[in-house]
Amino acid sequence: MSNTQKDFKVADITLAEYGRKEILIAQKEMPGLMALREKYGREKPLKGAKIMGSLHMTVQTAVLIETLTELGAQVRWASCNIYSTQDHAAAAVAAAGIPVFAWKGETLAEYWWCTERALDFGQGKGPDLIVDDGGDATLMIHKGVEIEKDKSIL
0 MSNTQKDFKV
10 ADITLAEYGR
20 KEILIAQKEM
30 PGLMALREKY
40 GREKPLKGAK
50 IMGSLHMTVQ
60 TAVLIETLTE
70 LGAQVRWASC
80 NIYSTQDHAA
90 AAVAAAGIPV
100 FAWKGETLAE
110 YWWCTERALD
120 FGQGKGPDLI
130 VDDGGDATLM
140 IHKGVEIEKD
150 KSIL
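Under numbering that gives the first Met the number 0, the first residue of the sequence shown is numbered 0, with each subsequent residue one higher.
Bear in mind the hints are in silico, worked out from the structure with no lab data behind them. Careful, some of the hints might be misleading.
[Stated by the list, open to error] Straight-line C-alpha distance at most 27 Å; calculated DSS-like pairs for lysine-lysine:
#, residue 1, residue 2
1, Lys-148, Lys-124
2, Lys-38, Lys-20
3, Lys-148, Lys-49
4, Lys-5, Lys-124
5, Lys-27, Lys-38
6, Lys-38, Lys-49
7, Lys-20, Lys-103
8, Lys-142, Lys-8
9, Lys-5, Lys-20
10, Lys-5, Lys-38
11, Lys-124, Lys-49
12, Lys-5, Lys-46
13, Lys-20, Lys-43
14, Lys-27, Lys-46
15, Lys-142, Lys-124
16, Lys-5, Lys-43
Start from the sequences and build out the full structure, keeping to the hints where you can.
See below:
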């Protein structure tokens with residue numbers, strides 16, 4: 000599958016092939032997630048779930064993202080750290096058609112933009128579940144709710 004809608008932002012999409020090779024290696028090192036795919040992949044137990052992730056965007060995280068997708072979830076992802084993204088991993092996930100917003104060396108403004116994009120499932124919808132390392136996505140949601148109630152906070 001290729002991402003034709005361009006619902007992603009990564010440093011260099013041409014790194015996808017290298018990223019895919021690295022993800023295949025990581026899959027061999029993550030037998031638990033691969034066993035979940037094998038056991039439940041056909042059943043799609045996460046069908047209909049909207050999952051937003053804010054974790055270090057590495058090849059290992061790519062295995063998690065693709066497992067959630069294979070189990071039926073709709074997934075959107077951002078990195079939880081402006082320096083930790085493996086650009087080849089982000090490119091491979093984006094090339095697979097999964098919305099990811101991450102690149103190494105994001106500015107702080109770009110970081111928050113990426114987090115906001117990952118939280119936006121379209122048509123005013125947000126995630127059902129958040130995987131959040133560091134709590135920034137959770138903070139953004141809570142502050143957003145506060146601001147919606149009292150715009151003077153801004």
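Query raised in the report: Which numbered hints turn out to be false for this structure?
Result: 10
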